[in-house]
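Number of protein chains: 2
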Amino acid sequence: MLTRPDVAVVGAGPVGLAIAWRCASRGLRVVVHDPAPGSGASHVAAGMLSPVAEAYFGEHELTGLLAESAARWPGFAAELAQAAGVEFGHRTEGTLVVGLTSDDLAEARRLWSYQQGLGLPITPLRPSQLRDREPALAPRVRGGAVAPGDHQVDPRRLVVALRSAAERAGATLPPGPVARLADVDARVTVVAAGCGAAALTGLPVRPVKGQVLRLRAPDRAAPDFRHVIRGYADGESVYLVPRADGEVVVGATVEERADTEVTAGAVLRLLRAAVDLVPDLAEYDLVEASAGLRPGTPDNAPILGPLPGHPGVLVATGHHRHGIVLTPVTADLITELVVTGEADPLLAPFTPDRFGPPDATHPGSARVGPAGPESSTEEERTWN
Amino acid sequence: MLTRPDVAVVGAGPVGLAIAWRCASRGLRVVVHDPAPGSGASHVAAGMLSPVAEAYFGEHELTGLLAESAARWPGFAAELAQAAGVEFGHRTEGTLVVGLTSDDLAEARRLWSYQQGLGLPITPLRPSQLRDREPALAPRVRGGAVAPGDHQVDPRRLVVALRSAAERAGATLPPGPVARLADVDARVTVVAAGCGAAALTGLPVRPVKGQVLRLRAPDRAAPDFRHVIRGYADGESVYLVPRADGEVVVGATVEERADTEVTAGAVLRLLRAAVDLVPDLAEYDLVEASAGLRPGTPDNAPILGPLPGHPGVLVATGHHRHGIVLTPVTADLITELVVTGEADPLLAPFTPDRFGPPDATHPGSARVGPAGPESSTEEERTWN
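Residue numbers (the working numbering), protein chains in the order written: chain U, 5 to 388; chain H, 5 to 388.
Among these hints, one or two may not hold up.
So the derived label-pair ranges between C-beta atoms look like this [said to hold, decoys possible]: (1) U:Arg358 x H:Ala262: 57 to 67 Å; (2) H:Arg130 x U:Pro302: 45 to 55 Å; (3) U:Asp263 x H:Thr96: 33 to 43 Å; (4) H:Val90 x U:Asp263: 28 to 38 Å; (5) H:Val258 x U:Ala248: 29 to 39 Å; (6) U:Pro302 x H:Ala226: 37 to 47 Å; (7) U:Ala248 x H:Pro152: 51 to 61 Å; (8) U:Arg135 x H:Thr96: 54 to 64 Å; (9) H:Pro222 x U:Pro302: 27 to 37 Å.
No wet-lab data here; the hints were simulated from the structure. Glycine residues also receive a C-beta, built at the ideal position from the N, C-alpha and C atoms.
Kindly generate the complete structure, drawing on both the sequences and the hints.
Here it is as structure tokens:
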């Protein structure tokens with residue numbers, strides 16, 4: 005590249021690639037740095053677009069952002085399909101939330117009463133109504149509800165599509181890793197490096213391990229069920245995400261650990277809950293067991309906006325369990341910030357400065373510099 | 005090879021390689037044909053040397069052969085270690101047979117009473133005695149017994165050692181598969197091709213699928229237990245084989261199927277039984293789930309001896325669940341037959357002719373021919 009890029013995105017997961025696509029579509033010169041695109045949390049993620057089933061007590065502002073991003077997903081998906089020319093498994097059958105035992109159902113009911121109180125679309129169903137929708141559910145499932153707006157997408161295919169769209173719009177992916185922000189030369193740097201953002205920025209992003217299984221229906225038939233099933237089974241929370249190609253994703257553990265080993269106990273718990281909820285899954289092939297690291301934050305909400313003390317550096321990380329659903333809103337808001345220098349009010353609860361100044365002793369937290377000739381003081385002012 | 009080999013072994017699993025080693029050590033020119041040595045049932049096998057715990061009702065003659073071969077294992081292992089120059093995980097701590105519930109214990113007791121009746125060494129233990137030997141056992145294990153003579157070996161390392169010993173003794177392994185016996189040119193052909201023997205010989209060898217897991221202790225420590233544990237857990241039969249390098253093999257299903265898919269239900273049943281018996285296994289990494297095909301026969305006993313109607317062809321297959329423990333006696337008896345033309349009386353119950361003539365319509369059942377100048381009429385006479 006002969007001229008300095010307008011935007012350098014560090015991290016080619018869905019968030020980074022979507023930002024690159026959106027910025028390149030606005031006419032900016034964009035590079036994306038990632039030695040292994042799509043190899044982070046998204047490679048393991050199930051891809052539920054679940055503003056409702058992911059709305060938990062005490063996370064009002066996050067729930068609002070989830071709902072906002074989920075509302076943007078249909079338009080985002082349509083644009084992306086056209087821009088990328090490939091499919092990525094966006095499905096809109098909705099999600100069933102079910103409880104296996106009466107204790108499980110009581111737990112699920114507590115949560116969906118809260119979700120209903122927020123005005124989110126979730127409708128309780130009688131067991132017979134559940135089984136009318138999904139005959140594959142175990143007869144002993146005690147009850148549930150439907151969240152018709154909780155959809156799904158295949159994250160691995162999403163990465164392929166986003167990369168294609170970004171490259172078609174002119175973004176480039178030079179090889180090689182980025183060890184320090186000081187190594188990046190661009191007018192604006194966007195750190196969308198998932199857990200890697202901690203080392204690059206000093207922000208409090210920690211790895212949260214998730215173990216996930218991938219099953220496949222025998223003879224490559226489609227799975228016996230079409231809805232995403234979010235189940236509580238003997239105290240275990242599990243989700244089952246059916247894909248058209250026969251895959252069923254079963255997830256996920258949430259562990260405060262930084263290793264990516266697959267453990268016997270986690271596989272046992274996931275399989276037991278899955279087979280308790282949908283007995284036919286016992287006949288499915290177990291084709292993959294994997295573990296990924298979600299980028300968690302102190303309040304479980306993402307970190308979106310200018311990095312304090314680092315003019316020209318934006319952050320888009322900390323998406324924790326919600327990276328896929330939050331991809332459209334993250335890309336829109338960060339792109340707007342890059343292009344106009346103006347922060348959308350939606351960003352306010354999620355800016356990096358809510359955690360105080362980044363850890364200045366961190367080796368990766370060196371200033372970006374020296375500023376090149378294209379450096380714009382407007383952005384620096386706006387972001388700091 | 006300029007001259008016709010004395011012996012061509014078809015199949016480089018433990019049985020075929022042990023025969024090759026023994027024959028080459030006797031001064032014969034030996035070739036072993038296998039496009040992928042060690043890739044059959046032995047690659048999945050756990051490697052229990054269990055004449056006692058594998059003695060089932062109605063299998064007297066097989067039990068005798070198991071006991072005979074197990075008795076030969078210590079000498080075989082010592083010779084092999086010297087000949088191969090590599091270790092293969094031969095361990096002699098013995099086997100604990102345990103029952104989780106009182107029903108499981110009743111089932112286990114029925115079997116070990118039968119085994120005691122045959123004079124096999126198995127001694128009941130009180131729960132406190134069990135836990136003195138293996139504190140890792142779950143507190144709710146109701147009781148068990150010890151079979152001190154039931155040992156173990158690592159089949160993957162055994163294949164490496166046997167191949168090394170065979171090659172050091174002069175055997176060669178030319179590349180490429182053998183599709184028909186007629187393609188093999190040797191004075192004597194030994195079919196030790198596991199399930200592949202059916203197509204080559206027309207004998208009634210069928211695949212019996214087994215699914216097996218491999219766990220690994222965290223931080224590559226040795227497992228928390230030293231004995232092989234053969235357990236009955238809520239009606240599920242499972243074995244746990246600890247290796248010095250931290251591996252624990254958990255097996256195995258016995259399924260009348262010919263595919264090698266790993267299924268969710270099998271992994272669930274194996275893990276549940278394993279963790280019920282030794283709870284700490286939940287913390288172990290699940291490093292491999294695999295399926296292999298055992299060569300089963302109508303009476304579950306191996307097929308050892310001359311192939312009817314095919315002068316110069318011997319068979320050593322059909323070892324089903326017992327290929328590893330039966331390797332020494334199989335190699336000794338087949339080698340003796342090759343060298344002297346005399347059949348040891350031990351072979352009598354296991355010769356191929358007990359199933360009548362092989363399926364003559366089978367494409368692989370063509371005669372070996374034409375007989376070359378080294379062809380020996382003695383063997384032909386003895387074997388037919």
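message: Of all the hints numbered above, which does this structure not satisfy? Sort the numbers upward.
response: The structure breaks none of the hints.
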